[in-house]
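Enquirer: So the chains spell out like this:
There are 2 protein chains.
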Amino acid sequence: MKELDVGAVWRLLKPEVVAWAVAEHDGQRSICPLGWTMRTSATPPMVAISVAPSRFTHGLIEGAGAFVLAYPGRELAQATATCGSRSGREVDKFAETGVTTLPALRVAAPVVAECVANLECRVVDRFATGDHTIFVGEVVAAWAQDEPGKLLCLVDESAGYETVLADERFRFGVVRG
Amino acid sequence: MKELDVGAVWRLLKPEVVAWAVAEHDGQRSICPLGWTMRTSATPPMVAISVAPSRFTHGLIEGAGAFVLAYPGRELAQATATCGSRSGREVDKFAETGVTTLPALRVAAPVVAECVANLECRVVDRFATGDHTIFVGEVVAAWAQDEPGKLLCLVDESAGYETVLADERFRFGVVRG
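Taken in sequence, the protein lines are chains A and B.
Using my numbering, read the first sequence as starting at 1 and increasing by one per residue.
Using my numbering, read the second sequence as starting at 1 and increasing by one per residue.
To be clear, the hints were calculated from the coordinates, so they are not data collected in a lab.
Incorrect hints may appear among the rest.
Identical chains blur together in the list; that is why a pair holds if it fits in one copy or across any two.
For lysine to any residue, the following SDA-like pairs were computed, each having C-alpha atoms within a straight-line distance of at most 25 Å [stated by the list, open to error]:
1. K150 - Q28
2. K150 - S85
3. K2 - F56
4. K150 - G130
5. K2 - P148
6. K150 - D167
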């Protein structure tokens with residue numbers, strides 16, 4: 001056990017499940033891929049997500065007071081990379097990625113048909129952290145595929161993962177088997 | 001894509017990395033295993049953890065204003081199950097599990113020598129959510145094994161995981177390979 005810089009230790013903390021924050025407000029909508037999400041209450045069911053204030057989706061979540069947390073599978077690795085490298089201020093990420101949207105039951109943002117699972121969330125609280133905002137969302141509806149596949153994760157190079165897409169910043173993959 | 005109850009969808013969201021919140025205050029210390037953790041700031045580096053107020057460790061974190069987030073590997077699956085099923089009010093979890101502690105550099109709680117990695121965290125904020133508290137911790141020091149092994153996760157029954165320990169509540173495992 002030795003002391004290291006925080007970044008070096010963080011790089012060890014794989015796998016990290018990827019989720020898309022999907023938000024729609026005032027005629028605009030976007031998708032922001034996140035690695036920093038967690039559950040934060042069982043009753044009522046709540047999730048917490050960390051979103052950088054500079055993100056276009058951040059303003060949409062604030063405006064709408066709601067978001068969908070959509071979990072991509074391996075087929076959406078390229079779409080995840082695209083959504084993570086472009087801004088919703090410049091491109092329509094739904095057109096850019098070609099994903100199919102379905103109306104959500106209880107929030108304005110759409111559900112993504114190709115995702116493994118979707119959680120409809122109403123924002124019940126928000127907190128500033130260092131360089132991000134934590135949005136706490138109560139899960140008001142939940143969706144999943146009939147035969148849900150594996151979740152896309154940020155992974156390392158070990159043999160237990162199938163790397164689906166790797167660039168200079170990220171390595172996306174799924175657990176093998 | 002079909003609507004399901006939230007619990008059914010949550011069960012699909014695997015893998016979930018396990019971390020121990022380790023805290024020490026006023027001569028008492030304990031270990032609380034968590035599945036609900038995330039990063040929440042890059043600069044300064046911060047993590048957020050969700051801890052139920054009923055947990056003994058919750059009070060220790062509040063008292064100390066600090067915690068260590070320690071990441072167990074496969075060898076600590078039984079220790080994780082033990083720490084999750086007993087209360088630190090009744091047992092000394094360090095004696096019970098036999099883990100080796102090292103003094104942390106910047107917080108009162110100890111670092112766990114057998115863990116894959118340890119993050120020393122100073123609490124910079126706390127928020128109540130539904131039935132949990134989010135503690136936001138600035139990472140003030142970080143540790144890792146010389147040859148870090150795989151992280152213990154909550155897993156499902158798919159072939160890509162080696163199940164290390166399963167009981168009626170939890171299935172702990174690691175990614176194969």
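Enquirer: For a quick check of understanding: which of the numbered hints are violated here, in increasing order?
Expert: 1, 3 and 4
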